[in-house]
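Given these sequences and hints, build the entire structure.
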Amino acid sequence: DGGITQSPKYLFRKEGQNVTLSCEQNLNHDAMYWYRQDPGQGLRLIYYSQIVNDFQKGDIAEGYSVSREKKESFPLTVTSAQKNPTAFYLCASSIGGSSYEQYFGPGTRLTVT
Amino acid sequence: GQQLNQSPQSMFIQEGEDVSMNCTSSSIFNTWLWYKQDPGEGPVLLIALYKAGELTSNGRLTAQFGITRKDSFLNISASIPSDVGIYFCAGLSSGSARQLTFGSGTQLTVLP
Chain A
1 DGGITQSPKY LFRKEGQNVT LSCEQNLNHD AMYWYRQDPG QGLRLIYYSQ
51 IVNDFQKGDI AEGYSVSREK KESFPLTVTS AQKNPTAFYL CASSIGGSSY
101 EQYFGPGTRL TVT
Chain B
114 GQQLNQSPQS MFIQEGEDVS MNCTSSSIFN TWLWYKQDPG EGPVLLIALY
164 KAGELTSNGR LTAQFGITRK DSFLNISASI PSDVGIYFCA GLSSGSARQL
214 TFGSGTQLTV LP
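Heads up: the protein sequence lines correspond to chains A and B, in order.
Position one of the first sequence corresponds to residue 1 (our numbering), numbered consecutively onward.
Position one of the second sequence corresponds to residue 114 (our numbering), numbered consecutively onward.
It should be emphasised that the hints constitute simulated quantities derived from the structure, not laboratory data.
In this text the structure is predicted, and so the values were computed from the model without any measurement.
Cβ atoms here follow ideal geometry from the backbone N, Cα and C, with glycine treated the same way.
One or more hints might be untrue.
[Said to hold, decoys possible] Taking CB as the label site, the calculated pair distances span:
#1 P225/B / K14/A: 40 to 50 Å
#2 T5/A / T181/B: 38 to 48 Å
#3 I95/A / D151/B: 18 to 28 Å
#4 F12/A / E154/B: 14 to 24 Å
#5 E69/A / F125/B: 41 to 51 Å
#6 I141/B / D59/A: 16 to 26 Å
#7 P8/A / E130/B: 34 to 44 Å
#8 E154/B / G96/A: 23 to 33 Å
#9 N188/B / S80/A: 40 to 50 Å
#10 K14/A / R173/B: 44 to 54 Å
#11 S99/A / E130/B: 33 to 43 Å
#12 I60/A / V197/B: 25 to 35 Å
#13 D38/A / T222/B: 18 to 28 Å
#14 S170/B / P8/A: 30 to 40 Å
[To be verified] Here are the simulated lysine-lysine pairs, BS3-like style, with alpha carbons at most 30 Å apart:
#15 K14/A / K57/A
#16 K57/A / K9/A
#17 K164/B / K57/A
#18 K70/A / K9/A
#19 K183/B / K57/A
#20 K83/A / K70/A
In structure tokens form, the structure reads like this:
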């Protein structure tokens, strides 16, 4: 089955710790994205990558870092510098080129206390 | 950045009723996408629109790309309980480097 997987579904961390969220896709998509969703709000773009070994900051990149060493994988690290990290994190991918349709994973809910 | 105004923010309707929601922007968009999100899950793509004036259906769902390219509409006919969820519009404006802008969502509740 082709799709996007995110793990874990729920993650709990203490304040001051870095945490890495996993995102894997087997759709052979070139582009991958990370969004943050807060209650009652739309999705805000953190980082995106259009090709392996290249990525760009989105609207709210501060306190986050990413890597794109493989086409299938786009992990997101939430660092201790992120002031309000508790949120629902969504990973998406798109085929790239002239297609802008993004397909989302199931999300990871991160709680930092 | 770009902003999308999505309305209404929430809707309560009776099963069987039709539903309409829309997104508007002050900027021109080249692509409109509509998603549905169930609680605790990722959004699922419902309809993609690429041309001004385009009207596209997906079962009981119909979406339109506004002729001014600054708005889009989603209609759901004969609503059923499983239509419950949050509906998001997303748009791509020219010069946005493939970054979608998302509306804040319409929370739909279908009453039996």
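Inset, instruction - Could you check the hint for me, namely that I141/B and D59/A are 16 to 26 Å apart, CB to CB? - result: 20 Å, holds
Inset, instruction - Starting from K164/B, check that the Cα of K57/A is at most 30 Å away, please. - result: 28 Å, holds
Legend entry - Range hint compliance [Cβ, K14/A to R173/B, 44 to 54 Å]: 47 Å, holds
Inset, instruction - Could you grab the alpha-carbon distance between K57/A and K9/A and see if it respects the 30 Å cut-off? - result: 24 Å, holds
Legend entry - G96/A and E154/B - C-beta distance against the hinted 23 to 33 Å: Roughly 24 Å apart at Cβ, these two residues keep to the hinted range, so it holds.
Legend entry - C-beta pair F12/A, E154/B: status relative to the range 14 to 24 Å that was hinted: 20 Å, holds
Inset, instruction - Kindly confirm whether 18 to 28 Å is satisfied by the beta carbon distance between D38/A and T222/B. - result: 21 Å, holds
Legend entry - N188/B paired with S80/A, Cβ distance criterion 40 to 50 Å: About 46 Å separates the Cβ atoms of N188/B and S80/A, which means 40 to 50 Å holds.
Inset, instruction - Could you see if the CB distance from I95/A to D151/B stays within 18 to 28 Å? - result: 24 Å, holds
Inset, instruction - Given the hint of 38 to 48 Å, check if T5/A and T181/B actually sit that far apart at their C-beta atoms. - result: Roughly 39 Å apart at Cβ, these two residues keep to the hinted range, so it holds.
Legend entry - Distance restraint between K14/A and K57/A, which requires alpha-carbon spacing of 30 Å or less: 26 Å, holds
Inset, instruction - With 34 to 44 Å as the target window, see if P8/A and E130/B comply at their CB atoms. - result: This hint holds: roughly 39 Å between Cβ atoms.
Figure legend: structure checked against the earlier numbered hints; every hint is met.
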